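Letter by letter, the chains look like this.
Protein chains: 4
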Amino acid sequence: MDYKVADLSLATFGRKELTLAEHEMPGLMEMRRRYGASQPLKGARIAGSLHMTIQTGVLIETLTALGADVRWATCNIFSTQDHAAAAVVVGNGTVDAPAGTPVFAWKGESLAEYWDEAEKVFQFKDSEGNPIGPNMILDDGGDITLLVHKGTEFEKAGAVPGQDSTDNEEYKEVLRVLARSLENDATYWTNIGAGIKGVTEETTTGVLRLYDRFKDGSLLFPAINVNDSVTKSKFDNKYGCRHSLIDGINRGTDVMIAGKTAVICGYGDVGKGSAESLRGQGARVIVTEIDPICALQAAMDGYEVKRLESVVDFADIFITTTGNFDIIRVEHFQRMKNQAIVGNIGHFDNEIDMAGLAKIEGIVKDEIKPQVHQWIFPDGKKIIVLSEGRLLNLGNATGHPSFVMSNSFTNQVLAQIEIFTKLEEYPIGVYVLPKHLDEEVARLHLDAIGVELTELTQAQADYLGVPVEGPFKSDHYRY
Amino acid sequence: MDYKVADLSLATFGRKELTLAEHEMPGLMEMRRRYGASQPLKGARIAGSLHMTIQTGVLIETLTALGADVRWATCNIFSTQDHAAAAVVVGNGTVDAPAGTPVFAWKGESLAEYWDEAEKVFQFKDSEGNPIGPNMILDDGGDITLLVHKGTEFEKAGAVPGQDSTDNEEYKEVLRVLARSLENDATYWTNIGAGIKGVTEETTTGVLRLYDRFKDGSLLFPAINVNDSVTKSKFDNKYGCRHSLIDGINRGTDVMIAGKTAVICGYGDVGKGSAESLRGQGARVIVTEIDPICALQAAMDGYEVKRLESVVDFADIFITTTGNFDIIRVEHFQRMKNQAIVGNIGHFDNEIDMAGLAKIEGIVKDEIKPQVHQWIFPDGKKIIVLSEGRLLNLGNATGHPSFVMSNSFTNQVLAQIEIFTKLEEYPIGVYVLPKHLDEEVARLHLDAIGVELTELTQAQADYLGVPVEGPFKSDHYRY
Amino acid sequence: MDYKVADLSLATFGRKELTLAEHEMPGLMEMRRRYGASQPLKGARIAGSLHMTIQTGVLIETLTALGADVRWATCNIFSTQDHAAAAVVVGNGTVDAPAGTPVFAWKGESLAEYWDEAEKVFQFKDSEGNPIGPNMILDDGGDITLLVHKGTEFEKAGAVPGQDSTDNEEYKEVLRVLARSLENDATYWTNIGAGIKGVTEETTTGVLRLYDRFKDGSLLFPAINVNDSVTKSKFDNKYGCRHSLIDGINRGTDVMIAGKTAVICGYGDVGKGSAESLRGQGARVIVTEIDPICALQAAMDGYEVKRLESVVDFADIFITTTGNFDIIRVEHFQRMKNQAIVGNIGHFDNEIDMAGLAKIEGIVKDEIKPQVHQWIFPDGKKIIVLSEGRLLNLGNATGHPSFVMSNSFTNQVLAQIEIFTKLEEYPIGVYVLPKHLDEEVARLHLDAIGVELTELTQAQADYLGVPVEGPFKSDHYRY
Amino acid sequence: MDYKVADLSLATFGRKELTLAEHEMPGLMEMRRRYGASQPLKGARIAGSLHMTIQTGVLIETLTALGADVRWATCNIFSTQDHAAAAVVVGNGTVDAPAGTPVFAWKGESLAEYWDEAEKVFQFKDSEGNPIGPNMILDDGGDITLLVHKGTEFEKAGAVPGQDSTDNEEYKEVLRVLARSLENDATYWTNIGAGIKGVTEETTTGVLRLYDRFKDGSLLFPAINVNDSVTKSKFDNKYGCRHSLIDGINRGTDVMIAGKTAVICGYGDVGKGSAESLRGQGARVIVTEIDPICALQAAMDGYEVKRLESVVDFADIFITTTGNFDIIRVEHFQRMKNQAIVGNIGHFDNEIDMAGLAKIEGIVKDEIKPQVHQWIFPDGKKIIVLSEGRLLNLGNATGHPSFVMSNSFTNQVLAQIEIFTKLEEYPIGVYVLPKHLDEEVARLHLDAIGVELTELTQAQADYLGVPVEGPFKSDHYRY
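Protein chains in written order, with full-length UniProt numbering: chain A, 1 to 479; chain B, 1 to 479; chain C, 1 to 479; chain D, 1 to 479.
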């Protein structure tokens, strides 16, 4: 078995954590119970790219329990939990004879390593050991989907642009990998793309890219947008961040949140969960927003809503949650108080202008501990930046907890089954899961936390005009 | 001017309250400022049916300020505020020479009176005093829209079914009114229907009826679904009920909510606001739900989620918020504690089986004060029922506060303008307001509460793929 | 039977409300069950002065059920509930033949009437119909205790100062009443004072006066400070105000609290409950404080803490809770926004400088409805003042709810029994109730709300060094 | 310099953390600014025993900045932060030439090591290098105070009891150390005791022991009870635990708290903070209590209050906060759900019957990671126990955050100054700090979090009968 992880000897600890996590992921475990015998993913070869954490380990082992062949990379250079990667590789085997799933991920990869490993998740072997591509993709952010599409595009064009065609450090690596591949096999990605039935995508960003491709006609296969399942977006984003924001701040700084003034930039689902997270610890929370509806929601929820410029002088903690870029800029850093704490739980690290910060004349970046830096200004003022502006809940804590990921990942499993077994119902396009599956995901998580669900009588269902067993709401219902 | 209200002498007090309410309804006042000169509703004859409260008074006077001719009835026999009705009728005039808008509503109408008055909102006069129908409807629950459609249907059939064709007391009155009209003028409602450009509808129920009519091909004119504007459903339902639920319980019972166990049946927007309302007062809140997604939300929000049967023995307060029927039934009443409090803030009074309660052998209904009754069981146990099972926030308090209604009603005004001035864009169908108008409604309410909105830079807008001035979200965004 | 109330015919309604309130006052009802047979207050003649509400009705009837003879006045000219007064007077009798307890109180007394009625609670008759004084006082704020002490003092001096010796309108009335009494009987109050075993006092203010008298040697009889029982101060002040603050604002103004900026002046127990009350409704709450410890508590609880001057320009709601005077002054009124709402839930009406407000040149006071006024400034700006600056929870709502008053009043009953039956243990001085009685009051309220109390094992009690049945805490424990 | 720590090379990291913590400890830093020049602790030799964390490092360096000579041990075998110990030892010096304060502490001492190191904090040297005892003690839990008192007692008796006179493993070590000392010098502790001016004690437990000694006449020197300063007990216990409870659970288990049912045993200050901590994360919180007043407070705060027996079957998380023993027993463990989480944030590890758990037949204790164990029952059920039943906020997280400790520790510094400089005002006894110092501690923490304090006018102060600058409250005020 080929694989590349930090240290296989961490597998024992990883296995214990996997077992604990299974208890917290009732949706995935029910998938195993329900479909373990029928093996709906028998024959699926899934190329996966998603933060290689303990929770993802439970997902991977659920996919294999349903019959799939899986290869896995991470989707973020810092987010791998090395003990999780080791445990998934070892599986039922031993450190000397691993018998699990090939994983290509470790904490702290370089960008070059990242894209080299991403390429490897496509390199399946058939039963006779010959190279064969995946027939399914499970993606988070769209990086491996990008490889297939860009690869196909460049093969059609017959050439890959040079690395100096771009300023983007990461895209240089993509071009490097694709150039190498083009040299080896001029139809490699074209063939890979042709073999793929579909992709299930985890995030807003990845989904946006898919819609764009669909609009411009370049999408190669159908896609299921897992991100917009209610049981994903409303749970993972809101409740997941409520958990992991303070967890990241606490582990990173040990600073008392109570009494502090915290600014949450953005009041979407992530911002809503973040604001609640800090208020629950006794912070005074101020929200910034561009959307008048979300701004009004924040006000109705009792938060002060101001422009960043109005509060940057006196606030203690700044958290971006927007999915946009350039939210906290040099002009803001310049005005912040000594030992202000700055972090991002939104999306890319460009929510905070880290590049601009680094360019301030005379500034010194000093590591307090991994993922926690103080930036010392010429006048001695220090600003504490978490996870270098990347997602602080992944960098400073352990990301979302298992229970919330069980919701997202059960959507992933159902989406994989949906496309793999009913491809004919999914012509090329981008789909959300049907509502009855969304409701099913929620249903699978109720028993574990003691929730009793009420059942409609037939008369009540008729009155509402819905089936007794659901789905209960129209597609545009907002929850 | 024809009108029918309880007591015109209440107009002075009503006028003061109107002035106070105007300050709390910045959206409507901005409509007056922005459109007072251009008079976009000049020529509109609006038949309106909506709770005749102070807030509705500000709405009516906004419609007339924009040029409309208006006639108004209430949509609920108990919800009229008599001083509001009086003030709207008097307008700039005096009690002796009223110069406002014709209103046909008073608190405590009988069902027969209710439908008689509803009919009158259609009886406009042209400039020469000749009868003419309305060309617009503004409806809440769909009662006056029903008159037009049923009237038209029966005129086509040539006959109105007899009152004994139905067990429904209210529908008997509808049949009575329509039979009388058919006798007078066999094409009365057909002509009315033909003259109407469109309807704007306030509520879920009304909207459901409209979609049903559209599906079965019987819808006579286009409709705008105001209910599903975010600034209506998410604000009015959630924040409005958070305000008015405890207000109704407090005024009705003066009972301490802290320490009590309260059951909220349903965790939609109304349920979410209701649960928060009671928790904010220190109650222990238990939620019942049929929808696994909403049930999981309730659990994530920290509420116990149980079936009513599991908790009916020991809870102190029971509130229905479902929009469904038969939620609290005789079997539940039988098991409740002495002095349990039961109320409905959901929709119709059939959420609670009031009819069943009244039929329990030996039970005595005793009025404590208007809208508050104790039902005394043969064994002496008392159950306190608010507003006879009708909406307790309207019956025991004063409904939603002005600020939240300003959001709903600004949607109404924009919807009226939209259909009246751009009819060609609205072929028969049911529409929600375009998102930019929804955002505009929110925007109009920010200054009044000191909210500062952040503006996107052009680069940021481009990054997100939205205009700098919005709309900012996709149609399926859930807020 | 002599009495003076607004309208005896309200007794039927009052009786229903009394019955409902009894259910919510388990402590008092347990007093009746426990002591109804032994009649520990047999022989007690209690002069009472405390807001004549429904809850006080349950208190009065508990005292009489324990054997006492009672006469009652209110302690605030606006706080009487006329139906409560009527019901207490009628008792088991009828409107034509009242058989209850003499009450001298109605809503809206003048100051002169107030002090005339206060005097009457001392005018008991013995079994032969001869005048006799009370032997116990139950007081709220110390007004009738003042009559005895001032009366005694002036009788000793042989003269009552003239009314023009004071600017205080209320004290003029005290002097008037005492001068009249001195004229009739030069030792009237001296005799009354000599006959009194002790007083139980409800409030901070009354208690302060008692401590002052004790310090200067003028206290005539022992006093129990009910105010500082934990089950009074921490419950009545904090949880009572959490309930009744928003109730008063809602009934008075119907204004949406969510999204508004509210300033709570003072973060003692009343302030803590008030801040929570408004936050539970979605307000942004700002606190002002003079005490650094309370200020730090407010900050730890997530509130912004500022000086009034820093926020008076933009806040929407201002509530005083301090027990101090001159908190909101003319300079503040001048800077407030149009339609700012101002109210007091602290103590006297001098927390807000109402006199100063009235003296602003050109200002007009306009009544919107009883207890709600708009003060219209020369430039048209309106400020809404609740209850003329007096306690808004009493003036605009119905005061604290029964359950919380049951705690205070059970302390009162226990304190009355304590002094009346164990006078020898109470030499002249001011006492708090022993902790075991304080705990007992709490214990009596647990069953009603479904609380299960854990019992210590003997070993655990020994470990802690407390008796198994309590008391559990040292006297200085802060809860 | 003698010292004993884990690894001096951690000093660089420790020094960075100390600098960060100084910013969060404004009270201590103000002590340095205010008293750095006057050196009020010049001549003080302080023997200290308190968790050797970063915050304690700031305390130690504040004491030395005020002139004191200090020697330090930890008061808990697991709570030392090795980088903090190293940094304090190194001080301004280098790893090769440490120039700070002698510390005797490392994470994971054995009990024998613990008591050996505790003894060393008494071994000062005078300027000529001769042995000399401390003249002040700063203690947490009373262990080093115990050494002095027991040592003196045994020296008087002329013998130390044998180790087999006790079953208590820890007390055996105390006897061993004291026997060794007696052998060396028969008046060692008697002399030490005679040289000590006083002790300042941090905790409830330590304070109880002091009161006991004072009552039985054995107390050797005056003591200041720092624990009962408002700025200690109400802040450290309540807000500190609100912060550190979820921090410990998160770091220990990574489990989602939202939706879980959590039982908080005890609703004192620690319980209040703990309940709020979990509620803020979306848990359903159930409280157990023995004290009816605290139980009623919990109910008023909206928590369900039950006996542990009633809820042990279905709850997910169990936290003890009582200060009592034997709260969670074998009978409870037997009934818990699989993967229930059990931890203690109250006091000693005997709140949970760890000994009983270990004795269950067939049970296996398996370490998941340091301070997190799963106890596997014969039937496969696992119970997760944090920190072996010891304080989980110290064992699984980093204890209270700096800001809250700054409050406690500023009390400590003021108390040390108080006794050291005004010994004549403190005859042998146990004292709390005067209220003006308690208020001063709070005041020193306001600026850092942007709190504006309001100042009384002289007239207002007179009205209240307090000085303009405080103290503002009576000693029995409960905050």
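Accuracy of the hints is not assured; some may be wrong.
Since copy identity is lost for identical chains, a pair holds within one copy or between any two.
Said to hold, decoys possible - The calculated lysine-lysine pairs, modelled on DSS-like cross-linking and capped at a C-alpha distance of 27 Å, are:
1) Lys-369 with Lys-473
2) Lys-359 with Lys-16
3) Lys-215 with Lys-435
4) Lys-215 with Lys-337
Bear in mind the hints are in silico, worked out from the structure with no lab data behind them.
Owing to the predicted nature of the structure, the values given are computational and were not obtained by experimental measurement.
Here's how the hints hold up against the structure:
For the homomeric pair Lys-369 and Lys-473, neither the shortest alpha-carbon distance inside one copy (48 Å) nor that between copies (39 Å) is at most 27 Å. In this assembly of identical chains, Lys-359 and Lys-16 lie within 27 Å of each other by CA distance solely across copies; the values are 24 Å between and 45 Å within a copy. In the homo-oligomer, the alpha carbons of Lys-215 and Lys-435 lie at most 27 Å apart both inside one protomer (24 Å) and across protomers (21 Å), since each shortest distance falls under that limit. Taking the shortest alpha-carbon separations for Lys-215 and Lys-337, neither the intra-copy value of 46 Å nor the inter-copy value of 51 Å comes in at or below 27 Å.
Going through the hint list in order, the structure does not satisfy hints 1, 4.
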